[in-house]
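Per full-length UniProt numbering, the sequence shown starts with residue 1, numbered consecutively.
Take the hints with a grain of salt, since some may be wrong.
DEER-style ranges, computed between Cβ atoms [said to hold, decoys possible]: (1) Asp35 x Gln89: 21 to 27 Å; (2) Gly96 x His71: 23 to 29 Å; (3) Ala63 x Cys38: 31 to 37 Å; (4) Leu99 x Asn47: 21 to 27 Å.
Quick caveat, the hints were computed from the structure, so don't treat them as lab data.
Backbone N, C-alpha and C define an ideal beta-carbon position, used for all residues, glycine too.
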Amino acid sequence: MPLSTLTHELDGGARWPEVGDWEAVTEDLLHIVRDHDCDALSLGLPNIARALVCAGPRSEVRAVDPSTGKHKAYGPADRIEVLVQVGGQLAWAEAGRPLWPGDGTLPPVNSTEGR
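Let's have the full structure, built from the sequences with the hints guiding it.
Right, here's the structure in full:
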């Protein structure tokens, strides 16, 4: 799960202190990935696409073209296009085998697996 998704669900990060230390979580995640204790996939998104994914489903990202000075706004429809592309990348990445989340992961809270 992208940290950007979790941050969005936590009111844009305002509620992170209720669940954990964002910096510590990020540092731990980087250690897990770098130690190859789970599969990780760098999406290599361009700046606007990355901002759209990180900003949340109802957000707007504004950019200025430095050569013309014109402003452009990207919104929910643009974010959906990025997510469709990401879905394609994930499907391609999992074509050989499913991504491995690591050992000892807990089932989702609403999962029937842990019951």
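- Hints not upheld, ascending by number: 2
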